[in-house]
Amino acid sequence: MSAQSGDRLKDEGTRLQVTAAGATAGVVSRFVIAPLDVVKIRLQLQTHSLSDPLSTRNLHGSPVYKGTLPTLLSIFRSEGITGLWKGNLPAELLYLCYFAVQFTAYRQTTLLLHSTFGESTLPPSVESFISGAVAGGTGTAATYPLDLLRTRFAAQGNDRVYNGFLPAIKQIHNQEGYKGFFRGLAPALGQIIPFMGTFFTVYEVLRPKLSKLELPYSSGGALAGTIASVTAKTITFPLDLVRKRIQVQGPTRGRYIHKNIPEYTHGTFGTIKQILGREGIRGLYRGLTVSLLKAAPASAVTMWTYERALKFYGSLGEKTVKGI
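In UniProt numbering, the protein residues as written are 1 to 324.
A portion of the hints provided could be inaccurate.
[Said to hold, decoys possible] BS3-like cross-link-like pairs, simulated, lysine-lysine; straight-line CA separation at most 30 Å:
1) Lys259 x Lys170
2) Lys273 x Lys66
3) Lys66 x Lys209
4) Lys179 x Lys273
5) Lys66 x Lys259
6) Lys311 x Lys212
7) Lys259 x Lys273
8) Lys259 x Lys179
[What the hints assert, rightly or not] Now the in silico label distances, taken between C-beta atoms and shown as ranges:
9) Leu276 x Phe76: 31 to 39 Å
10) Gly164 x Gly61: 22 to 30 Å
11) Phe76 x Thr289: 16 to 24 Å
12) Leu166 x Pro123: 45 to 53 Å
13) Val64 x His266: 23 to 31 Å
14) Ser211 x Phe182: 34 to 42 Å
15) Pro297 x Leu112: 27 to 35 Å
16) Arg308 x Ser125: 41 to 49 Å
In short, the hints are calculated from the structure, not lab data. Given the structure is predicted, the values throughout are model-derived calculations rather than measurements. Beta carbons are placed, not taken as given, at the ideal position from N, Cα and C, and that holds for glycine.
Whenever a hint applies, use it, and build me the whole structure from the sequences.
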């Protein structure tokens, strides 16, 4: 591995160890930030706000959320503690599979670049961007149906649209066909590739420098992951919002907690244009604050868990070898 990159993500380890460490990091991270994820989705799907004139509101019984903590409390009061973990089963499966695919693809792409161009030919930032973009796109495409299910469950209020994980799969297949599981894939890929490319680039640049600092409550890797995630999330957030809006299209569009979600039928750019026309530029950034609040603990927990899980699985491998 390149000595210049200071690359902790590409530490020595078998493919199985890298995959297991990535999956472990995803599961732990998802459980910790699940309530903030539900809040983010609810805000992203909301097309109205308290600042809108009463004459322009068309709520159809939809709640009006404003701010992260008030939304959190509103969901808790109206739907109970379980409301904050809606969609957690498909989300856990999503994170389990996504991070396993992502970290594995990142490592394999890096090895391919090394074998193709040489280990120290490409600048570390370029290498990280390419590997991160390929890893993000591969993970997103491979696990997208789970992402759609997570969004739809999180968008449900007390009136259920789906009665469970397997019934939801059957219902979507019967009503929308296989294409229904991939609604919003285009903006998802358009968002994740620059997101992961930016994330890994910033992370790889900052981690070696921050690791030298003596931080009281955080490792250098965790802090670098937080900064990288916040930067990447802010840049690509509008596409993430568009993805969520498109994911809840279809025959069940009017049955979620927000019953006034518009119909978007003109693809990614048409949806962006429609949101700008109806809600202005702020419409593309609904939920950004909670998204950034979520990004910090999620990335910190992910990178911290990944590094330690990789060491743990590596130590198990060493013990196994010694015991043979």
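Next on the checklist: Holds or violated: Lys66 and Lys209, Cα atoms, limit 30 Å.
Outcome noted: It is violated: about 38 Å lies between the C-alpha atoms, which goes past 30 Å.
Checklist entry - Taking the CB of Leu276 and the CB of Phe76, does the distance hold inside 31 to 39 Å? => result For Leu276 and Phe76 the Cβ distance comes to about 33 Å; the hint holds.
Item to check | Cβ separation of Leu166 and Pro123, checked against the hinted range 45 to 53 Å | outcome: 47 Å, holds
Checklist entry - Do Val64 and His266 keep their Cβ atoms within the hinted range of 23 to 31 Å? => result The hinted range 23 to 31 Å holds for Val64 and His266, with Cβ atoms some 27 Å apart.
Next on the checklist: Against the 30 Å threshold, does the CA-CA distance of Lys273 and Lys66 hold or violate the hint?
Outcome noted: 24 Å, holds
Item to check | Cβ separation of Arg308 and Ser125, checked against the hinted range 41 to 49 Å | outcome: 26 Å, violated
Item to check | Pairwise hint evaluation, Lys273 against Lys179, where the allowed Cα distance is 30 Å at most | outcome: OK: Lys179 and Lys273 at ~23 Å, within 30 Å.
Item to check | Distance restraint between Lys259 and Lys170, which requires alpha-carbon spacing of 30 Å or less | outcome: Holds. Lys259 to Lys170 sits at ~23 Å (cutoff 30 Å).
Checklist entry - Is the distance from the Cβ of Phe76 to the Cβ of Thr289 consistent with 16 to 24 Å? => result Check passed, 19 Å falls within 16 to 24 Å.
Next on the checklist: Checking one constraint from the list: CA of Lys259 to CA of Lys273, max 30 Å. Satisfied?
Outcome noted: 21 Å, holds
Next on the checklist: For a C-alpha distance cap of 30 Å, please report whether Lys259 and Lys179 respect it.
Outcome noted: Measuring from Cα to Cα gives roughly 23 Å; hence the hint holds.
Checklist entry - Do Pro297 and Leu112 keep their Cβ atoms within the hinted range of 27 to 35 Å? => result Given range 27 to 35 Å: holds, Cβ gap about 32 Å.
In summary, the structure is inconsistent with hints 3, 16 from the numbered list given earlier, while agreeing with the others.
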